Amino acid sequence: MNGNTGIIIDVNLSEGFIDRLAPPEEWYLRYVGGSGLAAKFFWERGDFDADPLAPEAMLLFMNGPFAGLKLSGTSRSSVAGRSPLTGHWGDSSCGGYFAPELRYAGYDGIVITGRADKPSLILIEDDRISIEDASDFWGRGIEEVNRSLKERYGKNHRTLVIGPAGENLVKYAAILNEGHHAFGRAGFGAVMGSKNLKAIVVRATRKEMSLADPDRFAELRGDLNLRIKEALASSVMRENGTAANLEGGAFAGDVPIRNFTSNSWEEMGEALAGSTLTEKYLTRRWQCAYCTIRCKRVVEVPDGPFAIPEGPGPEYETIVSFGALIGSMDLAAACKAGRVCNDFGLDTISAGGSIAWAMEAFERGDLTSKDTGGVELRWGDMETVVETVLRALAFRKGKLGELLAEGSVAAARKIGKDSLAYTCQSKGLEAPMHDPRGGGHGLALTYAMSPRGACHVADPMLFIEMGACYYPEIGLEYELEPKTDEYKPESAVISVALGAIENSACFCQFADREVTIPDWVELFNTVAGYDWDADEMMRSGRRVFHLKRLINYRFGLTAADDALTPRMLEPARDGEPEGVEINFSGMKARFYALMGMDPEKGIALPETLEQHGMTEESSRSW
Amino acid sequence: MRITVKPAGIIKRFFAEQEMDVAPGLTSRALIVQLQIPAELKMISLVNGKTRRLDDPLEEGDEVRLVTLLTGG
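In order, the protein sequences belong to chains A and B.
Just so we're aligned, residue 17 is where the first sequence starts under the numbering used here, counting upward by one.
Just so we're aligned, residue -9 is where the second sequence starts under the numbering used here, counting upward by one.
Derived by calculation from the structure, the hints in this document are not laboratory data.
Any given hint could be a false lead.
[What the hints assert, rightly or not] Straight-line C-alpha distance at most 25 Å; calculated BS3-like pairs for lysine-lysine:
id: 1; chain 1: A; residue 1: Lys245; chain 2: B; residue 2: Lys2
id: 2; chain 1: A; residue 1: Lys415; chain 2: A; residue 2: Lys386
id: 3; chain 1: A; residue 1: Lys296; chain 2: B; residue 2: Lys2
id: 4; chain 1: A; residue 1: Lys245; chain 2: B; residue 2: Lys32
id: 5; chain 1: A; residue 1: Lys415; chain 2: A; residue 2: Lys430
id: 6; chain 1: A; residue 1: Lys296; chain 2: B; residue 2: Lys(-4)
Since we're looking at a predicted model, the values are computed, not measured.
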């Protein structure tokens, strides 16, 4: 096989069973890799009745075909399965250093079921795969365990580690690579915890790969790496990180403030901006393997109440989740909160989103200190967040920890009082830090259509609305006004297919903005020999999107779940988008029609599935 | 006519906040060209705090904040 290795590691932790699977080559051709191939695996072999935290639940790590090829932006992989946070399909993408190493070791992915009888880790060294005792790591933070694993096995062994949050089955627990890069969303750290799996460690001593057309690929890679490096967006992010333009977003109303109750806070933009982070706390720039963008940050907060030693710095999402969203513009506090979340293994978006909801509930009196075990939750009180709330969450300590460790939807259902209306989520996944009312109305549509729940990276709508995408070969040549519904469903049908390709190929959305459609097709053809044209590639993208939706349908989701909460759709209260309403239902209906989907069931119609060669999937769904 | 132009976020790298004398009826699109902001950035023009279409003419005394949504995630 070209591109991919064709081999997936199959581990059952209950039985201590390790095998190697060779999936049909057709699965790769039709579902690409990453979260798409994971969805196909789950569809074929997953236990749809199993609780996400039961031993039978399937946990999948999956590379894309470009892993390890030294092309900027392709050192990512996906984790996937049934999300313990949402109860339906979930996937999460992570950069860093794990994907290339797994590829060099000879594998495209790892499929894990069962539950080890004691804390364990999976060790992969080329052809040797073993399950090792990890009892001495249990209960310890990610930073320390990552360091200890490298001392034990070697500094070039690459790690995936969960923290106390994963062990304690916090529903939005993360998995970290090298203690810095996170599979953040949808709670797969808890799935690892439920399996008594503290870590996965991989090391390869070879780098052989078979490509369909290595010479042409090398030429294309050289060209793309240079274009990616020299792009204006790359230079901006290299200089000031992913929060480089936070201030621009704040003026436009894109940055959510105090649980999406406000879109206006003039001083906040500069206080939390990437340039401020550079000036005050940056010590080094960092990158995923082989990436020329270098958007990652290493920071130190030398003094003050939120002092932290040199180490991983926050991304845009973390800065806003632990900044504007909870009423703070203290950048040092956001750095510290991000560091604590990394060590405990918490998704910063769902943690920030759940805390923001709780702060509003407290302000309204829907949540009282009786419910929180005496903890007062106030907007912008970062000392309480960092010193008390995050620890309570990760260790499920006290009433507050137990309440918020389940995520904002479960917490709202528990306290009632119509507090579900002011959660900010779709399908149970807390929304990321772009408010569609100020950022772009198309994002409201794609948040709702994303199979895993509210997500800004399931597809590139965020970038499409900001004018960063022009793909005439696939019909995307609209000049969009972000804050209208004009051409948004038409753009979204292209976006969801392209997003499925990006997340199946495991290509970073910052890097692949420089990749044209002809480049994409040539990459697949020179690496994996798919012999695709643009139409066939997009058909694969739509196929992946439809399959994830079919999985969700089997979990009981319908079109009614393709929704945003009342809070996210109410007219903005202030700032630039004040008074503006999003035509959500109109966009949604048009999207289903254009995609050939059933407007009640929320899945593709039989004829649409037929057009995508999904006859078997259709017969199991209709 | 006289207007005030203000950059936000990464647009600060292209010009500083300033008052400008510009031709009557100048549009935001023409202003963006005049300020030599790269064409690859999709710009939003906030005129007195509200998004205005790029081809709408500006008026005497307007405060124009130029923003792009290029953003992280």
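Verification of the hints:
| no. | hint | verdict |
| --- | --- | --- |
| 1 | A:Lys245 with B:Lys2 | 21 Å, holds |
| 2 | A:Lys415 with A:Lys386 | 9 Å, holds |
| 3 | A:Lys296 with B:Lys2 | 18 Å, holds |
| 4 | A:Lys245 with B:Lys32 | 20 Å, holds |
| 5 | A:Lys415 with A:Lys430 | 12 Å, holds |
| 6 | A:Lys296 with B:Lys(-4) | 24 Å, holds |
Comparing the model with each numbered hint stated earlier shows that all of them hold.
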